[in-house]
Structure formats: C-alpha cells, structure tokens
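Student: Given the coordinates of chain G, work out where chain R with the ligand should sit on it, guided by the hints.
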Amino acid sequence: MAIFNMSAPRTLYEKIWDAHVVAQRDDGTCLVFIDRHLVHEVTSPQAFAGLKANGRRVRRPDLTLAVPDHNLPTTPRLDAGGRPIPIADSESAAQLAALEANVAEFGVPYIPATDVRQGIVHVIGPEQGFTLPGLTMVCGDSHTAAHGALGALAFGIGTSEVEHVLGTQTLWLAPSKTMAVEVNGDLPPGVTPKDVVLHIIGTIGTAGGTGHVIEFMGSTIRAMSIEGRLTVSNMAIEGGARAGLIAPDETTFAYLKGRPMAPQGAAWDAAVDYWRTLPSDAGARFDRHVRIDAADIAPSVTWGTSPEDVVPITGAVPDPASFADPSKQEAAQKSLDYMGLTPGTPMAEVEVQNIFIGSCTNSRIEDLRAAAAVLHGRRKADNVRWAIVVPGSGLVKRQAEEEGLDRIFTEAGFEWREPGCSACLGMNPDKVPAGERCASTSNRNFVGRQGPGSRTHLLSPAMAAAAAVTGRLTDVRELAR
Amino acid sequence: MTPVSTISGGAIPWGAKNVDTDIIIPARWLKTVSREGLGKGAFESVRASQGNVIDAGVAAGASILIAGDNFGCGSSREHAAWAMLDLGLTAVIAPSFSDIFSGNAFKNGLLAVELPQEAIDRLMVVAGEGQPVTIDLENQVVTTPYQDRFTFHIDPFRKMCLMQGLDEIGLTLAEGNAINAYEARRGAAEPWLVPTGAA
Ligand code: SF4
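Protein chains in written order, with the numbering used here: chain G, 1 to 481; chain R, 1 to 199.
Some clues are possibly wrong.
[Claimed, not checked] According to the in silico footprint, chain G covers these stretches of chain R (three or more CB under 8 Å from chain G):
no.	stretch
1	31-42
2	64-77
3	94-108
4	148-161
5	166-178
Simulated from the structure, these hints should not be mistaken for lab results. Virtual Cβ for every residue (Gly too), placed ideally from N, Cα, C.
One chain only, chain G, in its complex shape (with noise of 0.2 Å):
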C-alpha cells in the first residue's frame, strides 16, 4: 500500500515504507509488517510473560533470531570439560534461563550462549545475513539502527512493542520525516569511521534527527565497507533519529552473498535485482540535507557526557562559556564537574585508567585489526589499570585468533574475551570503577553508562589502542609507523 506519491521521486525510507504498509489508520498512522525481530535476554522476558498471559503465540518464529549477549558474563562460558560454567549472579542466571524456556515455549531460533554464532545482535544480524536490505527490522535495543548499514530500515523498540511484534509480526507506525546527510571526499589519514559518525553528531545534535530517518550518502560512505557503514548507522539514534540508512549498493551484495541466512541461487538473483531498485531516485526530496567535508574530520573525542559532545583529538576541553545557548552552558559545566575536566586542558593529556574495546559499533573484525595495528609490539602504558578486548561475536574472536590479534592484544597488557555487550552499558560484572575515566569504542558516554559515576570518552579502535599505549588520550597520527 502506497503512502508516498509512487508517480514522484521516492527516498529509499518511502521505497522500504510504501511496501510495508498492511493497513492504514485515518490519522495517518501505518500498519507496518516487520520482517526480521532479533530478540535478547534483557528487554523480552515481559514480553513473553504477556504473551502467555493472554494465551498469544508468537505469529512467525521464523521471521524471528533470540540471541543473549546484554547481561552475559564476558569470561569463558565452557569448563576445561566442555561444560557450561553456571552464571555466578543469581539475576543474570534467572534472566538467561528465561530466555532459554521462552523460546524452547514459543519455537523461536536461538542461539546459545556458547555457540560459535552467539555475539551481540547487532553484529549477528549482519554476519549471519540475517539483515537484508528492504527489510523492516526491529530489536529491543535503540541500535537497531545499525543494520541501516545493509540498506534495512531498523529502529529499536520496547518491550511492549517486542510483545506486539511477537504476536501481531506488524507495529502501528507514523511515518517519519527524512534527512539526508552526505559525507563527500576522502579520509585524512587517521580518520575512520567512528570519527565520521562521531563528527556527525557533533555538527547536528543529540537532537538534530529527532523525528527522521537518517540516510547518509556521498562518496565518503561509498567507500566504506559494510563494517564501517555498520559503524555509522550505529549512532544515527545518538543524532536523535529513529534509524539511519545507506543505499545498498555492490559493496552491500558482496557482503551478503552466501551467508547462513542469506537467499541462495536463484532467489539471491531475485533479491539482488529487487534491492537494485531501492536507492533514492534522482530528485527525491528529503526534509532536511546536512552536507560535511570529510576533510574537515579529525580523529575525534568526546570530552562530555552526551554523544554531541565532540572535539577533534587536537582540540581542548571547551569552556562553558563558549557557548551561545544559556542552556547549553548549564549542561556544559555539568557534564565538566562530572567528568572532572578543567576547561582549556588539551583533550591529549587527559589521562585514561580503562580501555574498552568492544560494542555493536565497534568489534567487528576490521576493528580490531585496526587496534591491534596500533598495538603490535607495543605494551599498554602504567597508568591504564584495566584494558579489554570484547570481539562482537564468536566468529569474530575465531578469525580474530586465526589471524593472531588475540596475541597482539594479550601481549599488549589486554583481556581478551568471550562476546557480549560488555562494559557498553555496563550491566554485566564489566564495569568501570566511580571517578576512572575509560577511553571506550561503545556508544554513550551518559552519566553512569559503564558503571556508576564512571567517566566515558568516546572514540575510534585506533584511538583507543593509542590511548593505551601512551595512558592518556593520544592523537592515533602520532604513533603512525
């Protein structure tokens, strides 16, 4: 069903839009089908109890993948025997154990804890070919806009949503304006991905996609390979949007072709024709365009406790006083008092206790091949009390290991260990200590995020790595070989 005028020019949003729509309300408001539901441990248990409360069923188990990887410990998950080691938080316990009977109840595929496969969703999602461009795409995690990277129009839900896209496979939906930003040029060297994203935020505000879908475009996100583009549309939710997109294009097929869950053989060709049609039609007009220079992007830290809080490595702490909106300057000082930063100290001598590497943005194998980079035959400096390598997923540390970045690591002064969200959100044992400040390759730098009153500083694999080696916030071009 049609929403957008079809005779126009069409966004790849309203392509993707337009053919999920089941029903439509007279205010507007759509019924959407979802065509993929990834389900984890931390945001379904409610939603199970509710299904079973009212006697539903899951409609389409098979347009749905449970994984666990929020709450997972990170340490070894078999003993010498091959025997899963119990988890030793009773409430972690309960909340895996959950998982397990709700989808064993409800015929949903699952991936154990101990599988090879089992990673953080969104990093399952793409590697198992789980996410496909087209699609509607739906998870209980706010990066859910990550698969946007294959060209799927993603968005995290609720728990109730959860239950609704359980039961119904649709949700009612209002469609959302749109916004294109387009990133033009090449890199600097020492510019990745996660600086671009990082930047974008910066430019435009936790706020600036509020009520858009953003579809990030130009020849500098061309040029990014899928883990890359996975990394940007990551963070479209910390520039306010409800999903990010990029036009799938030769870079996305190649990705795809023969994973586990992709179409093979002749139903690869269909595909492959269909999502051909899906890019932005030449003229389609978008509510908003943000146009960036990629040469203006450094590699990029955040020194506060909101994703827009940005600066490039080179730059100092700003003064609250730099700032035009008077609220701005409230939530500046305060974001400094709680970091703990003086204004006009240079991001480079910020000195970091903790190095996480890991999350849905960044621990996917190119990843860590560029840390492990800047860490080969390096060791991490004194001052760094804790260091920590979190692959995405267990085929992740598998090729890691394969390649010997595992030792690169370990050599380095780093835990290398088993997939889960980790010190991300800090809800497992992987926390970091009250007052301790941790350069960390995750999403959110929000007060608390890896541990009460810990201190977050946002920023690149190689930015990370960089920090360790030298214990402060370290410009990755000054230790380039």
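Tutor: Same frame as chain G, now just chain R with the ligand:
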C-alpha cells in the same frame, strides 16, 4: 491496561533537559524478568544527590513529573516507564519526548504530555509552591488552581486507547485478514523473505 482520564495531584518541579533512560533507570536494575518493583531504582543517582528533587519537599507523593526538552532520550528500555509508574508517577509533562520513550509510556498508561517551554516554566512555579496540577485527558488541557489553562495535542488513537484502556495487540489481531493477505502477497513475490538455514 487501566483506563486513564483525569490525573490530578502534586507535581515534581524538576525541569531537567535531556533526561536519558539511563538516568531514569540505570542498567543494573534491568536484570529483572518482571515489570514490578523497579521504583526502587528509579532516578537513583538524582535521588542520591544533594537536594533530592524527586522525593523531597513538594515532590513527596507527587503523581506528575515536570521535565525539560527531550525527556527519555537514549536507551529504548521500557523499564523507564515501568520504574516511573512503580514510583507512583502517572504522568510526565515536558516540551518534548524521545520517540521511543513516548511510545513506551503510552503503552503502559503513563501519560506523556507535551507543552511549550513557557507553560513548563509556569507549571514549575505552581508545583514549586506545592499546588496541584490537573491533566484532563478528555479535554486535552492542563490546569492549576490559579486558572492557568494549557491545551495540549495528543494523537487521537492514543487518546482513545488510553481512555478506554484498550489492549493494542488485541486491536491489531482484529486486522488478521489484512496481515494474512499481506503475508501471502509478499511471500509469493519475494521468496527471500524467510531466512534460510535459521538457527
Ligand atoms: S553493545 Fe551496547 S549499544 Fe550495542 S546492543 Fe549491546 S548494549 Fe546496546
């Protein structure tokens, strides 16, 4: 869901902007399999800090929270709405809400009312004096004992569901024929729709 019509009572004059869901309920409280009991962890860091605006003084026993722009941003955790309800809050008034939070609030019968900043400023004063605030959902108006009258907009469908306490999944399942027809059509046209070799 319990029907919602008029909410009247004390209001917490907080006014903070960009309150994220990590502030509303920190992640360590998310290890639960139930919707109840999260009030204990609600606004934990705010309540632990000096001058506890959430429980102290005029805020004690309040049923309405007054906040600033972009309330409920960040993580999609619905635990934020459950925690607020468990704390005894039944409505929150702010100039704007994150999309995900307002959806979660609605689905749990927590009323999220959008009013312009000037109205918020005025309500902060009224609430600060310990005077009650009334939200009349049917007439879409917020009033105070001082004759203040602020009308607000709410999606008509959401209003109907809230006022009648309707179960949204039940409503959607009534569209079963449309969903069946849609599935049949897409399934035939797009044979790649179902993932191969699922777990
Ligand atoms: S790694 Fe962090 S952001 Fe990503 S899914 Fe896990 S908790 Fe969410």
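Student: Would you mind marking each hint as holding or not holding in the structure?
Tutor: Evaluation of the provided hints:
no., hint, result
1, 31-42, "holds (count 5)"
2, 64-77, "holds (count 8)"
3, 94-108, "holds (count 8)"
4, 148-161, "holds (count 3)"
5, 166-178, "holds (count 8)"
Hint compliance for this structure: every hint is met.
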